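2 protein chains.
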Amino acid sequence: MSIIVQKYGGTSMANSECVKNVAEKVVNAKLRGHDVVVVVSAPAGFTDHLVSRAKEITDKPSGRELDMILATGEQISISLLAMAIKALGEDAISFTSAQVGIITDGNHNKAKIEAINTDKLLKALGEGKIVIIAGFQGVTKDLEITTLGRGGSDTSAVAIGVALDAAEVEIYTDVDGIYTADPRVVPNAHKMDYITFDEMLEMAGSGAKVLHLRSVELAAKNNMPIHLRSSFSDAIGTYVLDEEDKMEHVLVRGVAHTTNNAKITIANIDNTSKNIALIFKTISDANINVDVITQNYINIDRITISFTVAQEEYDRALELSKDLGRRLKADEVYGNEKVAKVCIIGVGMKSTSGVASRVFTCLADHNVAIDMVSTSDINITCVVNQDDYAKAVIAIHNEFEL
Amino acid sequence: MSIIVQKYGGTSMANSECVKNVAEKVVNAKLRGHDVVVVVSAPAGFTDHLVSRAKEITDKPSGRELDMILATGEQISISLLAMAIKALGEDAISFTSAQVGIITDGNHNKAKIEAINTDKLLKALGEGKIVIIAGFQGVTKDLEITTLGRGGSDTSAVAIGVALDAAEVEIYTDVDGIYTADPRVVPNAHKMDYITFDEMLEMAGSGAKVLHLRSVELAAKNNMPIHLRSSFSDAIGTYVLDEEDKMEHVLVRGVAHTTNNAKITIANIDNTSKNIALIFKTISDANINVDVITQNYINIDRITISFTVAQEEYDRALELSKDLGRRLKADEVYGNEKVAKVCIIGVGMKSTSGVASRVFTCLADHNVAIDMVSTSDINITCVVNQDDYAKAVIAIHNEFEL
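Chains A and B supply the protein sequences, listed in that same order. For what it's worth, the UniProt record's numbering labels the leading residue of the first sequence as 1, then goes sequentially. For what it's worth, the UniProt record's numbering labels the leading residue of the second sequence as 1, then goes sequentially.
Source of the hints: derived by calculation from the structure; they are not laboratory data. Warning: the hint list may mix true and false statements.
[Stated by the list, open to error] Covered stretches of chain B, as calculated for chain A (at least 3 residues, CB under 8 Å):
hint : stretch
1    : 58-71
2    : 91-99
[Stated by the list, open to error] List of simulated lysine to aspartate or glutamate pairs, EDC-like, C-alpha gap at most 16 Å:
hint : chain 1 : residue 1 : chain 2 : residue 2
3    : A       : Lys20     : B       : Asp59
4    : B       : Lys209    : B       : Asp182
5    : B       : Lys55     : A       : Glu17
6    : B       : Lys123    : A       : Asp142
7    : A       : Lys112    : A       : Glu217
8    : A       : Lys60     : B       : Asp91
9    : B       : Lys120    : A       : Glu217
10   : B       : Lys60     : A       : Glu90
11   : A       : Lys120    : B       : Glu144
12   : A       : Lys123    : B       : Asp142
13   : A       : Lys55     : B       : Glu17
14   : B       : Lys20     : A       : Glu56
15   : B       : Lys20     : A       : Asp59
16   : A       : Lys60     : B       : Glu90
Model, not experiment: these values are computed from the prediction. Note that beta-carbon positions come from the ideal geometry of N, C-alpha and C, so glycine has one too.
Bound conformation, chain A alone (with noise of 0.2 Å):
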């Protein structure tokens, strides 16, 4: 029999309704004919709910303490889903991370998965159980109680699915698949039913937001398929998958965006390489995370920077970049706070040229102003002003027939 991974997110789980709507998906998979694995979240809101019980007690909680604190949401879940399951008849069992032995470094609230022990799931299996495990946390090796960061639980079901050679990992959240655009702005978006892990990536990194970047990144590794599906129906999702060849060959996959940035520009300093380290080593000294930049030739001894923030900090990056121009003797520097990213991504581009002619040519037509340009192989990233992202993502998305 086939092992399937399967992964319910909080909103799955976020009361005794909930939970027995997911104990009778899982027991359909199991009466199917497949050995069951269920990895789920906490339920919805307890986790903020723990964060805001410690946050009372201090500003600075330990990173341990908190992962202490933490763990325990997603105990709550595997032990109601198992009484749930067992409820309606078939045999279940839960297991904390610990009694797996879901093995991680001791990087508190961010740690990484370094083994899976399965001794006791392949036991558990062998013996007709539906296997319930906690998602999003691990264990040292000393048995230190760690957890892997938001979103970990995804991770968790792909790490789970590639340590036990499953034939999938489905992951069950509240949308019902990946959309070519984001629905609320292009209308007749629609669900693919393909797309590459690369592409995936691409679209996870670019503000896709269903699917955790690292879940990503393991299953494309390891080669192990994601099926991105609803909770809320039987619907067949989105397949995230290496198999390129059984895909329809389009050229542009999907249009991604973000509207959650702001822009700098440091204008015509020296073309150094000290020059240019300085700048983004003291953005990121300042904990800023910098995400699109761009430098431009004034001659060859002179360019101009610029990068975009996200717009929180904003106001910090423009403050210290200000300073940089004055020690850089830069001739200007200036900013932009409402920008947006607007990102084209297919696999198909590493093989036709033209794309990127294509979607300047349509956002002109559009009367859309392109303020930045980075480009990868299979990503096309466009910065424009805020007010016109809607406009371009449409425009795009009819451009390429999606």
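Chain A is fixed; fit chain B onto it per the hints.
Chain B only, in chain A's frame:
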């Protein structure tokens, strides 16, 4: 440095203010020069909440899965307390029972502690840390999570105290000690400074619900002093000790009572051990606990059996007894749904005769009819009409000048 174990119950952990208050008490003990190990319960009400979550899923949750969910309550408490102690500038570390290695048998919901691994505890204490351990829970050799039953945190604390050869176990609760009688019944009842283990066992078994019975048994067996005291003050509470010599010699240490009793009498049956065994096997097979038992001889061949049960079991017990009465050809089967138990307890009785006669005379003088009497070498239990219990407790409390 001497090790002391402190145990705080659920009301002491109810909210963030309570947790901070406990942290201060713990740090004060550390600053007084002790190595401090703290055992905590789940926040008040949280265990009940978890049980009701389980009951929403199924009427009959499996013992294993119930333990899985119940163990989360103490895990939340240990984490918050460790954070609160660190916020006060002392180093602290929390451990689940699985992390320590509090090994129990596999009887879910009522497990017994078999062994405690002290390695991690002694190492952390050696590093100057305050050690915080989840009470109530244990783990089998196979890492199955177990719980010790309601009130089990007291037992956890004593077992840890014994394993660490602690100087004493302080049990913090919402009363300030053990009283010579229930102060709600006897206004001039006073807190005792000392009580022996044996007396405490009789008190705990006779309605004084301040300490979990198993914890006292374990302390007695290992001669581990318990100091029962209030978590809301620094006042000395009551020491439970083996050292009679240190205590003021008294005939009677205290008067305990219960009011939730009912009495059943099966009158005039053949005096055979087979008959007596049949009666108590029938009642016990129905999962009804029998408390006080007396048998009165009518002549050498015929006896009358009386016993008490909890009031909520009265109807079922009476029905079974009437059936038994018919089979055993009893003259009559009758009951009293409302009786009370008054227990006079003191190790001084062992060596002093005449206590029982003083009790009977005292009650007679106050017009309290004694329905049943049962005695051990340190306990005289009188069953009286429920309306008379307060009069009886007050009269005896005065008679022995408690």
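Each hint tested on the structure:
{"no.": "1", "hint": "58-71", "in the structure": "holds (count 9)"}
{"no.": "2", "hint": "91-99", "in the structure": "holds (count 5)"}
{"no.": "3", "hint": "Lys20/A to Asp59/B", "in the structure": "14 Å, holds"}
{"no.": "4", "hint": "Lys209/B to Asp182/B", "in the structure": "11 Å, holds"}
{"no.": "5", "hint": "Lys55/B to Glu17/A", "in the structure": "12 Å, holds"}
{"no.": "6", "hint": "Lys123/B to Asp142/A", "in the structure": "13 Å, holds"}
{"no.": "7", "hint": "Lys112/A to Glu217/A", "in the structure": "13 Å, holds"}
{"no.": "8", "hint": "Lys60/A to Asp91/B", "in the structure": "14 Å, holds"}
{"no.": "9", "hint": "Lys120/B to Glu217/A", "in the structure": "37 Å, violated"}
{"no.": "10", "hint": "Lys60/B to Glu90/A", "in the structure": "14 Å, holds"}
{"no.": "11", "hint": "Lys120/A to Glu144/B", "in the structure": "12 Å, holds"}
{"no.": "12", "hint": "Lys123/A to Asp142/B", "in the structure": "13 Å, holds"}
{"no.": "13", "hint": "Lys55/A to Glu17/B", "in the structure": "12 Å, holds"}
{"no.": "14", "hint": "Lys20/B to Glu56/A", "in the structure": "10 Å, holds"}
{"no.": "15", "hint": "Lys20/B to Asp59/A", "in the structure": "14 Å, holds"}
{"no.": "16", "hint": "Lys60/A to Glu90/B", "in the structure": "14 Å, holds"}
Against the hints set out earlier in the document, a violation occurs for number 9 only.
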